[in-house]
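Taken in order, these protein sequences are the chains called A, B and C.
Going by the numbering used here, the first sequence opens with residue 1, and the numbers climb by one from there.
Going by the numbering used here, the second sequence opens with residue 1001, and the numbers climb by one from there.
Going by the numbering used here, the third sequence opens with residue 2001, and the numbers climb by one from there.
Keep in mind that the hints were calculated from the coordinates and are not lab data.
Note that beta-carbon positions come from the ideal geometry of N, C-alpha and C, so glycine has one too.
Treat the hints loosely; a few may be bogus.
Facing chain C, according to a computed beta carbon distance under 8 Å, are these residues of chain A, among others [unchecked claim]:
{"#": "1", "residue": "Ile117"}
{"#": "2", "residue": "Asn121"}
{"#": "3", "residue": "Leu125"}
{"#": "4", "residue": "Val139"}
Derived Cβ-Cβ restraints for the label pairs, each shown as a range [what the hints assert, rightly or not]:
{"#": "5", "chain 1": "C", "residue 1": "Thr2006", "chain 2": "B", "residue 2": "Val1065", "range": "21 to 29 Å"}
{"#": "6", "chain 1": "A", "residue 1": "Val9", "chain 2": "B", "residue 2": "Ala1082", "range": "53 to 61 Å"}
{"#": "7", "chain 1": "B", "residue 1": "Leu1079", "chain 2": "C", "residue 2": "Gly2016", "range": "28 to 36 Å"}
{"#": "8", "chain 1": "C", "residue 1": "Arg2143", "chain 2": "B", "residue 2": "Val1065", "range": "18 to 26 Å"}
{"#": "9", "chain 1": "A", "residue 1": "Glu111", "chain 2": "B", "residue 2": "Leu1079", "range": "55 to 63 Å"}
{"#": "10", "chain 1": "C", "residue 1": "Ala2155", "chain 2": "A", "residue 2": "Lys62", "range": "55 to 63 Å"}
{"#": "11", "chain 1": "B", "residue 1": "His1086", "chain 2": "A", "residue 2": "Met36", "range": "49 to 57 Å"}
{"#": "12", "chain 1": "C", "residue 1": "Ala2139", "chain 2": "B", "residue 2": "Leu1079", "range": "35 to 43 Å"}
{"#": "13", "chain 1": "C", "residue 1": "Leu2104", "chain 2": "B", "residue 2": "Ser1089", "range": "54 to 62 Å"}
{"#": "14", "chain 1": "C", "residue 1": "Thr2150", "chain 2": "A", "residue 2": "Glu111", "range": "40 to 48 Å"}
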Amino acid sequence: MEPYIRPVVIGAMIFIVFNLLIVASAILVLAERKIMGFMQQRYGPYLVGPHGMLQPIADILKLVFKEELRPKGADKWLFTLAPVLSIVTAFVAFATVPFGAETTLFGLLDEPIKLGISDVNVGVLVVFAVTSMGVYGIVLAGWASNSKYSLFGGLRASAQMISYELAYATSLAAVILLAGSLSLREVVDSQQGTWFGALPQWYLFLQPIGFIIYVIAGVAETNRAPFDFPEAEQELVAGYNTEYSSVRFALFPQAEYINMVTMSAVATDLYLGGWHFPGVPPEYGWIVFLAKVSVFLFVYIWMRWTVPRYRYDQLMKFGWKYLFPASVLNLIATAALVLYFNA
Amino acid sequence: MIPLSHYLILSATLFAIGAAGVFLRKNLITILLSVEIMLNAVNLTFVAFGRYAGDLDGQIITFFVMTVAAAEAAVGLALVIALFRHRESLNPDAFTSLKW
Amino acid sequence: MPETVTFYLFAALAVGASALVIAQRNPMYSVLLLIASFGALSGLYILLDAPFVAVAQIIIYAGAIMVLFLFVVMLLNAPKEDAAEWDRAHPLRAPGVARWGTLLAGLLIVQLTSALMAVNEYNTPVGAQSDATTVNSVADMGRAIFTRHTFAFEATSILILVAMVGAVVLARREDNQ
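Isolated chain A, as found in the complex (with noise of 0.2 Å):
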C-alpha cells in the first residue's frame, strides 16, 4: 500500500496548495475591502451573500464576462504574455516555501513526509531568484501595451523592484548567517526551542532591525502601498495594467495577492519561526503557520489604509539612501555578532 499512498498525498499536497492560493487571493479581495470598510467606519461589501461573504465570486464572474480587449499597437505576444509570466513566478515563488514540519499523517505513512511542495537547499536563493523575474510580467505589461501611462508605470514598478531587492537580499543574508544554512526548512528548524522557557528562539528577536526592513522590502517587492505609485489610481491611471481587461487584467492583481502570501510566508519562515510555537505539537505546526501568515496578511492590509502612499522619487531615495545602508550596516554587525559570539 505503501508505494502508492505516497504519490497520491503529494498530490493532493499540492492540489490543496495550489487551489488554496487561488483561494486565497479571492479570500484577501474580500478581507481587504471589509477591513477596509470597518477602518473607515463602514461596513464594506455587504449585499452579496450573508454580510458580503459571497463578493469575490461576484468579482471573478465580472470580470471573466467582460470582452477580452487588446490595443491595436500592442504587441501580440508579449501582451498576453506578459500577465502569464506574473502568475507563473507567483506560483513558482510559493512552491519552495515550506509550512509544516515533518509529519506522517497520524500514521498514513510508514517515512515522514515533509510539508511543502519542494525543499531546495538553496531555498531562500530560489524564492529571490523567482520574485527578481516577476519583474518582467510587468516591465512587459507595460511596454506591449503600446501607452504612454502603461510605459511610465511599467518602468517605474520594475525600476522599484529592482531597487528594493538589494535591501531584501542582504537582510535575507544576515538571517541566513544566523541559521548556517540556505535550506528554508533548516532555518526555521534553527528557530526551535525557547529562552528562559518562555520566550521562543525566533529571530524576529534576535534581528529586529533586518525584520522591520525585510518587511518594508517586501511591500515595496509587491507594489503595495505605501509604495504602489506606479498602479496607484490617482497617478498614473492604474499604471501598467491600464490597458488590460478581463481575464488577463484579472490575473495582475490575482499575482499580487499571490506574492503577498508568499512575502508573508518566507517573513514567517524566517524571522517568526515558521511552523514552530511553545507548547504545540509538530503535527499542528501548519495551522500555527497559518495564524503567522495570516497576521502578516492583515498588516499588509492595515498598512495600505493607514498611511499615505510614497511619490516615486521619495521612494527610491529611501530605498537606495536609508534601507539598503541600513541593511548593509546589519549585515555587518550581525556577522560581527556571530564572529564574536563563535569564537
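Place chains B and C on chain A using the hints.
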C-alpha cells in the same frame, strides 16, 4: 548518465551560435546578446569539467565570470546609449567615420 | 533515464532559443528568448549538481543583466529591422558567405564534435568519478572564495565599482554649456 562529451558539444554549439551572432548581426544590442551567449557557453564548460574532476573550482570560476559579464554588459550598454544619442542608429556600419 | 531526457530537453531548449536570438528581427524578442535560454542553462547546472550556480544564473543573468538589456531596448525604442532591407542586405545572402561561410562553420562543428567524442575518457558519465556532495556545498564554495581566491574577489569588487561609475559617466546626457 550523461557523458562529459555531450556537455562539451553543447557548449561548443552555443559558443558557435554566439560567435555567429557577433559576426553576422547588424544591431549593436544583438551583438551584445551574442557575447552573453558565448560567456554562458564557457560557464557551462567550466561547470561540466568541475563536476567531472570533482573540484569546486569550476563553479567558483563561473561566479567570477558572471560578475565580469555583468560589469561588461553594463558598460557596453552605456556605450550603446551614448552612441545612439550621437548617430540615432544601432547599426555598427553607421560608425565607420574613422575607416580609411 | 529521466536524467537523459531532461538533459536533451534543456539542451534543445538552450540551443533553439540561442539560435532564435540571433535570427530575430525584433530586439525585444531576442532578449526574451535569451532569458529562456538562460533558464535552460540553469536547469543544466542543476543536472551537474551545481545548485548555487544555477540559482546565481537566474538571479544575476536572467534577473539583472537581462532587465538591464530590456530597459535599454525600451529606452532606445530599438526599431525592428526593416523586412525588405533585412532580406536584401543580410550577410548570409552575399554569395561568398553563403557558399563558403556555411561550409566552414559546418566543418568546424563536425570537427569539434568528432574530436570531443574521440577522446575516450570524455565519454565517461560526468558524475562517475566524483561524489556529488563535494561539489554542491555552498559553504565550501564560500570558504574557498574568501581564502584561496581572495584577490580575485577583491579585484572583482573593484571592477564592479569601476563599471558602475563608468556606465553612469558614459550614458550621461551631455550638457551644452
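Original post:
What hint numbers does the structure not satisfy?
Top reply: 1 and 13
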